[in-house]
Amino acid sequence: MASTNNDNKDIVVDELNYTPHVNQEITPCLGMEFDSDELAYQFYNEYERYAGFSIRKQYRTQSRKDGIMNNQRFVCSKEGERAKLRYGQAVISRVKLTRTKCRACLGVRLSRETNKWFVTAFSEVHNHELHKPEVTHMMLSQR
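Residue 86 is where the sequence shown starts when you use this note's numbering, and the numbers rise one by one after that.
FYI, nobody ran anything at the bench for these hints, they're computed from the structure.
Worth double-checking, as some hints may not be accurate.
The calculated DSS-like cross-link candidates involving lysine-lysine, where the alpha carbons are at most 25 Å apart (straight line), are [unchecked claim]:
#: 1; residue 1: K186; residue 2: K150
#: 2; residue 1: K150; residue 2: K217
#: 3; residue 1: K217; residue 2: K186
#: 4; residue 1: K217; residue 2: K142
#: 5; residue 1: K142; residue 2: K201
Per label pair, the in silico range of CB-to-CB distance [as the list claims (entries may be wrong)]:
#: 6; residue 1: R141; residue 2: S121; range: 30 to 40 Å
#: 7; residue 1: P218; residue 2: R197; range: 13 to 23 Å
#: 8; residue 1: G116; residue 2: V220; range: 42 to 52 Å
#: 9; residue 1: M223; residue 2: E198; range: 34 to 44 Å
#: 10; residue 1: E131; residue 2: T104; range: 11 to 21 Å
#: 11; residue 1: F203; residue 2: Q109; range: 16 to 26 Å
#: 12; residue 1: N130; residue 2: E214; range: 12 to 22 Å
#: 13; residue 1: E219; residue 2: R149; range: 29 to 39 Å
#: 14; residue 1: G152; residue 2: P218; range: 37 to 47 Å
We put the CB at the ideal spot given by N, CA and C, even for glycine.
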């Protein structure tokens with residue numbers, strides 16, 4: 086296990102696991118409450134800027150009864166993997182592979198009683214190196 090220090094964050098490296106350690110005030114935790122899913126996204130986006138990774142919206146679900154969105158998941162931009170087959174043929178691309186099956190995510194769910202969004206899942210462990218603070222402004226989710 087090694088530890089590195091980049092300006093305002095420490096990164097703990099355990100083989101291929103990278104865990105950013107940022108200020109506890111901006112680190113999400115289970116049970117955290119937000120007034121809307123957009124505020125939860127903005128909070129996680131601010132966290133990722135300090136942590137050194139980019140995020141995207143993976144999915145959201147809505148109620149079949151009334152159509153109200155009740156669940157949302159935000160993931161590291163390197164989550165998942167590139168499709169290997171399309172229409173039975175191998176996909177050939179000159180674009181560099183950017184997906185690493187990273188599991189870092191934030192899940193939020195709407196409580197109908199309070200009409201607030203709560204954090205139901207949070208993982209901060211990445212399987213790829215994190216960006217340095219001087220380049221975080223160039224990440225897609227920060228533009």
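Range hint compliance [Cβ, M223 to E198, 34 to 44 Å]: At 41 Å between Cβs, range holds.
Range agreement (Cβ of R149 with Cβ of E219, hint 29 to 39 Å): Roughly 47 Å apart at Cβ, these two residues miss the hinted range, so it is violated.
Could you check the hint for me, namely that E131 and T104 are 11 to 21 Å apart, CB to CB? Holds: the Cβ-Cβ distance is about 18 Å, inside 11 to 21 Å.
Consistency of beta-carbon spacing, P218 to G152, with hint 37 to 47 Å: 41 Å, holds
Pair hint outcome, K217 versus K186 [Cα-Cα no greater than 25 Å]: 21 Å, holds
Just to be careful, I want the Cα atoms of K186 and K150 compared with a cutoff of 25 Å; is the pair within it? Given pair K186, K150 is violated - Cα atoms ~34 Å apart, limit 25 Å.
Would you say the C-beta atoms of N130 and E214 sit inside 12 to 22 Å of each other? The hint (12 to 22 Å, Cβ to Cβ) holds, given that N130 and E214 are roughly 20 Å apart.
For the pair we were handed, K142 and K201, check the Cα-Cα distance against 25 Å. 19 Å, holds
Measuring from beta carbon to beta carbon, are P218 and R197 in 13 to 23 Å? 40 Å, violated
Is the hinted pair K150 and K217 satisfied, with a Cα-Cα distance of at most 25 Å? 45 Å, violated
Using the C-beta atoms of F203 and Q109, is the stated range 16 to 26 Å upheld? Hint holds: Cβ distance 18 Å, inside 16 to 26 Å.
Taking only the CA atoms, is the gap from K217 to K142 under or equal to 25 Å? Holds, at roughly 22 Å.
Figure legend: structure checked against the earlier numbered hints; hints not met, in rising order: 1, 2, 6, 7, 8, 13.
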